[in-house]
Amino acid sequence: MQHLCLTAKLPRYEIAAEFSDVIRAIDTGATIHISEGINCNAQWMLKADFILCNVNIRFRDLEELFAHAVSSLGGVALLRAN
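Positions 131 to 212 (this note's numbering) are the ones given, in order, by the sequence shown.
Quick caveat, the hints were computed from the structure, so don't treat them as lab data.
All C-beta atoms in this analysis are idealised placements derived from N, C-alpha and C, irrespective of residue type, glycine included.
Do not rely on the hints blindly, as some may be mistaken.
[As the list claims (entries may be wrong)] Each pair of labels, with its calculated beta carbon distance range: (1) 163 - 201: 18 to 24 Å; (2) 144 - 168: 27 to 33 Å; (3) 186 - 166: 32 to 38 Å.
[Claimed, not checked] Taking lysine to any residue and the SDA-like style, the derived pairs with C-alpha atoms no more than 25 Å apart in a straight line are: (4) 139 - 195; (5) 139 - 155; (6) 177 - 167; (7) 177 - 150; (8) 177 - 152.
Taking the hints into account, I'd like the entire structure generated from these sequences.
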């Protein structure tokens, strides 16, 4: 089991909400927080805490998938593993 935290700056709340549905499809146990990005020059911040238990995806693949998806939505991914 590996704990992983992925954070992204996104331009609109609707984008963050729809992206959280994608995250839930990958890991149903993920904790997702969407907040206003007041202190970071972003409209909205999305933080997803994954617990990759019984999930058949490698960390590197998930990281690349997340970064590509966020950039295609007009956001910036901030990736880190815990």
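Self-check item: Structure-inconsistent hints, enumerated in ascending order
Solution: Number 2 only.
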